[in-house]
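J.: Using the sequences and the accompanying hints, generate a full structural model.
Here is what each chain is made of, one letter per residue.
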Amino acid sequence: MREGPEEKTLLQDVPWPDEPPVMLPGETYGTVTDTIADAVLKRPIGLGWMTGFLIAGFFVMVLLVAVTYLFIRGVGIWGIQIPVAWGFAIINFVWWIGIGHAGTLISAILLLLKQTWRNSINRFAEAMTLFAVACAGMFPILHLGRPWLAYWLFPYPSSMGVWPQFRSPLVWDVFAVSTYATISAVFWYVGLVPDFATMREKATHPIPRKVYGLLAMGWRGSARHWKRYESLYILLAGLATPLVLSVHTVVSFDFAIAVVPGWHTTIFPPYFVAGAIYSGFAMVLVLAIPIRKFYHLESLITMRHLQNSAKVMLATGLIVGYGYFFETFIGLYSGSTYERFMLQNRWFGQYAPLYWALILCNILLPQLLWIPKLRSNTVFLFLISLDILIGMWLERFVIVITSLSRDFLPSSWGHYVPTRWDWAVFTGTLGFFSIAMLIFIRIMPAISIFEMRQLLPESEVKADEAA
Amino acid sequence: MKQPKLPAIYGLMAEFEGSTDLVIATKAAYAAGYRKMDAYSPFPIEEASEALGFHKTRVPLIVLVGALLGGSGAYALQYWINVISFPLNVGGRPWHSWPAFIVPTFEMTVLFGGLAGVFGMFALNGLPMPHHPVFNDDRFARVTRDRFFLCVEAADPKFDLVSTNEFMESLKPLSISEVPH
Chain L
1 MREGPEEKTL
11 LQDVPWPDEP
21 PVMLPGETYG
31 TVTDTIADAV
41 LKRPIGLGWM
51 TGFLIAGFFV
61 MVLLVAVTYL
71 FIRGVGIWGI
81 QIPVAWGFAI
91 INFVWWIGIG
101 HAGTLISAIL
111 LLLKQTWRNS
121 INRFAEAMTL
131 FAVACAGMFP
141 ILHLGRPWLA
151 YWLFPYPSSM
161 GVWPQFRSPL
171 VWDVFAVSTY
181 ATISAVFWYV
191 GLVPDFATMR
201 EKATHPIPRK
211 VYGLLAMGWR
221 GSARHWKRYE
231 SLYILLAGLA
241 TPLVLSVHTV
251 VSFDFAIAVV
261 PGWHTTIFPP
271 YFVAGAIYSG
281 FAMVLVLAIP
291 IRKFYHLESL
301 ITMRHLQNSA
311 KVMLATGLIV
321 GYGYFFETFI
331 GLYSGSTYER
341 FMLQNRWFGQ
351 YAPLYWALIL
361 CNILLPQLLW
371 IPKLRSNTVF
381 LFLISLDILI
391 GMWLERFVIV
401 ITSLSRDFLP
411 SSWGHYVPTR
421 WDWAVFTGTL
431 GFFSIAMLIF
441 IRIMPAISIF
451 EMRQLLPESE
461 VKADEAA
Chain U
468 MKQPKLPAIY
478 GLMAEFEGST
488 DLVIATKAAY
498 AAGYRKMDAY
508 SPFPIEEASE
518 ALGFHKTRVP
528 LIVLVGALLG
538 GSGAYALQYW
548 INVISFPLNV
558 GGRPWHSWPA
568 FIVPTFEMTV
578 LFGGLAGVFG
588 MFALNGLPMP
598 HHPVFNDDRF
608 ARVTRDRFFL
618 CVEAADPKFD
628 LVSTNEFMES
638 LKPLSISEVP
648 H
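Read top to bottom, the protein sequences are chains L and U. Quick note: the first sequence, position 227, residue 227 per the working numbering, numbers continuous. If you count the second sequence from 1, you need to add 467 to reach the working numbering.
These aren't lab readings, by the way, just hints derived from the structure by calculation. These figures come from a predicted structure and were not determined experimentally. Hints are all accurate, no fakes.
Calculated pairs, BS3-like style, for lysine-lysine (alpha carbon to alpha carbon, straight line, at most 27 Å):
(1) K114(L) / K523(U)
(2) K462(L) / K523(U)
(3) K42(L) / K293(L)
(4) K494(U) / K462(L)
(5) K625(U) / K503(U)
(6) K639(U) / K494(U)
(7) K293(L) / K373(L)
(8) K494(U) / K523(U)
(9) K462(L) / K503(U)
(10) K639(U) / K503(U)
(11) K462(L) / K639(U)
(12) K503(U) / K523(U)
(13) K293(L) / K311(L)
(14) K373(L) / K311(L)
(15) K523(U) / K625(U)
Only some residues are given here: those of chain U computed to face chain L with a beta carbon under 10 Å:
(16) T487
(17) A518
(18) A541
(19) N549
(20) A567
(21) F568
(22) E574
(23) G587
(24) F602
(25) F615
Don't be surprised by glycine CBs; every beta carbon is placed ideally from N, CA and C.
T.: Below you can see the structure in the form of structure tokens.
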């Protein structure tokens, strides 16, 4: 545990006496470097990885087929209609982009708060963000109807003489999501540069050596370089922090600025952000628990990381619960017939089983995380994380579909049923996400090596000797 | 114009085992009057750059300028589009409906600030630079692993192969080597 003498603040991560440590004892600069780098450079491709790769690859093929067919036939192959024009595309967009949020939270917000335990999970959490945003970004574009004209969303001087409509939250979304994707990518790459230098020196085969060398850009660990690097890293974290909060806020504006019952509410931005972090930490655990087991990283990703993540899930889950409570309260208190009907429809209408399933998955079952014994059981944590991911997906379904299918005029009501092509695109993005993560952990250091060295007690410059 | 004669070597490099040793050595070299030198480490050491007399970076300024340009540019673009070039009546809102312009303005502030910072950091660091004389020393590969280096460059006015070597001996490094060009 790093304890800077001058910079000790209340926020600094100091474990309680019986809490598990951030790193198990016995690690040195050399061992952390080898453990993380050898998982990429020396470890042969195992049967488990290959199986995962093939299954994920199958779903990538499903995605390609589904998207090709979509391009040929148009969005009519999906279950969307009027009034439910949004359907799976928007549900999955919101769900995926929410998952990405935990990565930025871990890499940026926890960095600013000096939560040093984040150092062992930030790298793959950032990769998760990147791939989740890539999956999210596909949906609105595929949903456009003419996806090849997606560039019309950007303000460029077109020969048609028209411009985007900046008063629309859907245009804000374009800016928020594309900025988020770009900043997440550069933050991730900047974090990787010193580790690429390590990989360059450790790789024995000339081709990986060349590739890592190119990516490392000739990084040589100069003190002047580090100083500028650290300065930038903190600033990027400072920029990414409001950015990540803004992204899901803007996503929630897509709903909240509309007048549809159940959407037009001011609780949406904070409640969406909390839900995003909730599902994101669930995805972090779903990834971290197998990675740490199969790559033998138990001494670097300790129970402390898993328990802290579980606590964050518990906290954000309660905020989400508060959001549900207030939706209900306002629905009843507003005196609006339409809002009251929306609630009645959610509880007892055609999609009511999904609403109660979401309450079970998101609010009731995660309360088990209060029990310390269960928080230290990796199998339980894995299962509860899957449960939360399902619950958050159901939440998006309930928000999008129940409100749209029963709006103001009974004559325009409809019933939405997803088609096999909806499922194909959704499971396809799950496959794309999995394959990207699998490739990532094979070719790049999944844990930040240089930040792990900083966690070692000997990294601290002894102030009395160096005076 | 006469070309200045290039010194025969790039500099002298001392290898250390720990971060504290490196900082002590860097401070001693600075006190001895050496200025053209650099410390190399496998992770950031704030005290090392301080010991080199390198206190301030221009990275925050670059980020600020990028952020201001991005933000003001985005706002100006939206103003020009919605008020001058392509006025569009949406629900009777004023042409200059500024609250709606805040979100893209904020996003572009972050985007340009972040990108300016990244490009600025690499530019100030002189990267990408795949070849550098310090890499000529085989031991230097361990700077990305577990060793710390201090290199006093031959371009330093105080540099003298014999006396600098003697000075470096006094720092008790693991090894000292001449770094060729």
